[in-house]
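Asks: Residue numbers (numbering that gives the first Met the number 0), protein chains in the order written: chain A, 0 to 562; chain B, 0 to 165.
For the record, the hints were derived by calculation from the structure and aren't laboratory data.
Worth double-checking, as some hints may not be accurate.
What the hints assert, rightly or not - Here are the simulated DSS-like cross-link-like pairs (lysine-lysine), alpha carbons at most 27 Å apart as the crow flies:
#1 A:138 with A:62
#2 B:163 with A:300
#3 A:200 with A:344
#4 B:91 with A:300
#5 B:1 with A:179
#6 B:73 with A:179
As the structure is a prediction and not an experimental result, all values here were calculated from the model.
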Amino acid sequence: MNGAQAILESLKRENVDLVFGYPGGAVLDLYDAVYQAKFPHILTRHEQGAVHAADGYARATGKVGVVFATSGPGATNLITGIATANMDSVPLVCFTGQVTNPLIGKDSFQEADIVGITTPITKHNYLVKKASELPRVIKEAFFIARTGRPGPVVIDIAKDVFTTMLDYEYPQKVKLRGYKGDFTGDEGQIRDVVEALGEAKRPVFFIGGGVTLSNQTEVMREIVKNTGIPVVSSLMGLGCIPAKQDGFLGMVGMHGSYAANMAVQKSDLLIGIGVRFDDRVTGKIDAFAPNAKIVHFEVDKAEINKNVFSHYPVIGDLRWSLPIFNEQLQGSGEDYLNRFAKWHKQVVDMDRECPFSYKTNDKVIMPQQLIDTVSSMVDENTIVVTDVGQHQMWAAQFFNSRNPRQFITSGGLGTMGYGLPAALGAKLGCPDKRVVLFTGDGSVMMNCQEMSTAADNNIDIKVVLLHNRVLGMVTQWQRMFYGKRYSQTLLGGKTDYVKLAQAMGMEACRIEKPQELEASLEKALNVKGPMLIDVMLPANEDVLPMVAPGAQLDNMVLGGAEA
Amino acid sequence: MKKYILAVLVDNKPGVLTHVSGLISRRAFNIESISAGYTEDEDVTRINIEVSVEDDRELEQVVNQLGKLIDVIKIVNLGLVDSIVRELVLLKVRATKGSLADIRNIVDIFRGNIVDVSPENVVIELTGSQSKINAICEMLEDFEIIEIARTGAIALSRGPIPIKNM
């Protein structure tokens with residue numbers, strides 16, 4: 000068996016059923032093996048498309064996403080996607096070709112130092128110069144990518160390794176002296192939290208992507224149900240608790256709900272679970288949750304005290320800590336529901352008084368109205384993918400996410416161009432689910448070549464284009480903080496997205512009037528095969544509420560239907 | 000700013016120094032010096048990092064972020080345990096017939112060695128604490144220091160227990 004065949008054999012052992020990639024000189028031998036083995040592979044139209052698609056696949060399925068790319072520009076085209084996955088803790092293994100061993104370090108044709116370039120944006124990376132190392136390296140890479148706090152791993156492989164013969168044996172176990180992958184911690188830390196809860200009057204759960212990543216949604220829901228403690232979520236945590244559940248206050252932070260932000264600010268015990276206290280959540284850090292003791296359930300020790308000081312850290316995998324927390328709460332004999340009933344009612348009332356809202360009219364379709372309408376038309380067996388910008392925040396606010404892995408978005412890095420390829424990956428990972436992408440006329444252009452991938456492979460995604468002829472989120476900031484000087488944010492409006500999609504081989508339609516919104520959407524969403532729905536929207540709508548950058552959370556510009 | 004010496008045991012594999020230095024630059028940590036070398040275990044390299052931090056929280060971040068690297072096996076802050084800290088310096092100093100005796104005197108006082116002599120210069124080798132090295136450099140400035148090579152600080156804890164067992 001040669002190196003290329005050994006890679007495919009190892010992928011089979013890791014239960015990989017699909018690879019996303021793009022061929023090139025340094026990986027010709029790998030692709031020859033793909034051809035001969037008929038290994039399932041999706042050819043995207045850009046390496047960035049491949050890595051985002053693998054990311055969408057990984058987020059939708061919980062499995063490791065796998066990418067192939069060639070050396071030099073092929074590999075550097077992955078960088079944005081690797082950084083995106085790294086920020087949101089998405090498990091990926093990216094195989095990149097490298098120039099042949101004798102040419103490494105000579106500035107050879109299509110050579111780039113991918114290990115050096117990706118070191119700050121990967122969980123780990125390798126340069127493989129000997130074929131005999133492949134089985135061990137691949138075994139380690141998958142183990143590292145999926146365990147603990149998941150993340151991307153890059154394996155850079157010298158071209159001659161693909162054709163070198165080796166005695167193949169896939170290792171049973173991983174031997175790493177510096178990484179164990181099972182993160183159980185100190186139960187005493189959990190007892191301390193239960194004790195602190197015994198004295199708390201206004202506790203709040205702040206949940207994040209970690210709950211989804213560790214598949215602990217059910218336990219989390221049980222804890223919430225048994226205690227009646229109000230819940231706020233980061234962007235990455237959406238879907239863990241059904242959006243419409245009583246006591247779930249929605250997203251917290253810069254564009255969070257009034258009730259979520261107020262609850263955090265009034266809280267006396269803020270229980271962070273699988274979160275990293277990002278600056279988009281905390282606002283002014285010194286004024287964040289000023290009355291609260293902070294609890295932090297977290298697998299990554301380096302997150303503790305990084306942004307916010309934790310009075311009660313619980314270091315360990317949520318798979319270990321949450322079930323024990325649940326048991327200890329049940330064993331405590333406390334009637335939490337009763338104890339926190341008044342606080343629960345107080346925040347729920349706040350949420351009812353000041354929900355996410357918007358004004359409609361009969362002239363133009365409002366972006367929030369569009370999200371709301373789509374949300375009402377699809378069942379919970381739907382995955383929503385977003386790009387980045389205003390539409391992303393409106394989707395977070397108005398889409399009714401009911402399940403984990405249902406709301407897929409680039410949170411930490413905020414990568415425009417993520418949405419379209421990620422939607423393709425999500426659909427390929429979950430063929431039985433409906434996949435809807437919300438994107439903007441700015442974002443979609445950043446990887447619009449992937450419409451071709453959707454069409455050629457007949458990948459059934461619905462692209463809902465929130466088309467307002469501006470780079471919306473930037474214009475919003477320019478409107479609010481830069482005296483309406485719209486520097487380089489007004490798109491010309493000449494591009495016909497319907498024709499663009501059609502030229503790529505997709506179906507497409509346009510919706511312009513609020514009167515036709517429901518009927519046209521209903522029709523378009525039920526077309527078989529990939530479809531772009533170009534929805535014309537006003538350019539000057541703001542995402543609200545908004546906490547200005549650097550302001551404290553309870554200092555919100557509200558807006559909405561009442562304004 | 001407070002200085003600490005971290006002893007970091009890492010896998011002796013290619014790319015490890017890239018990972019460590021990449022992390023330091025990405026997290027914008029202040030590094031005074033860094034050195035690496037083989038250890039009693041051939042699979043393990045020891046990296047000695049001297050860091051400057053504002054406070055304990057920053058120190059904790061440095062240690063925890065380094066600890067996350069897959070090839071880092073163990074980190075011990077030797078600034079927090081009783082330990083011996085040394086640095087080696089090589090100094091090339093302008094020396095004439097007239098000044099050689101004075102230079103030798105200074106080197107003797109600091110218990111250093113002259114390891115190379117030419118008609119125009121000497122090379123001095125000196126091991127010691129950083130303050131001692133700074134002091135000899137100051138003394139030799141009058142004679143013109145042509146070149147300095149310093150290793151950065153390395154440290155070892157006192158007593159029989161190696162850091163891998165701490």
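Asks: For every hint, state whether the structure bears it out.
Replies: For each hint, the structure was consulted:
1. A threshold of 27 Å between alpha carbons decides the hint, and for residue 138 of chain A with residue 62 of chain A the separation of about 15 Å falls inside it, so the pair holds.
2. The suggested pairing of residue 163 of chain B with residue 300 of chain A holds, with an alpha-carbon distance near 20 Å, which does not exceed 27 Å.
3. With a C-alpha separation of about 13 Å, the suggested pairing of residue 200 of chain A with residue 344 of chain A holds against the 27 Å cut-off.
4. The suggested pairing of residue 91 of chain B with residue 300 of chain A is violated, with an alpha-carbon distance near 46 Å, which exceeds 27 Å.
5. At most 27 Å may separate the alpha-carbon atoms for a hinted pair to count; residue 1 of chain B and residue 179 of chain A exceed this at roughly 32 Å.
6. The straight-line distance between the Cα atoms of residue 73 of chain B and residue 179 of chain A is roughly 13 Å, inside the 27 Å bound, and the hint therefore holds.
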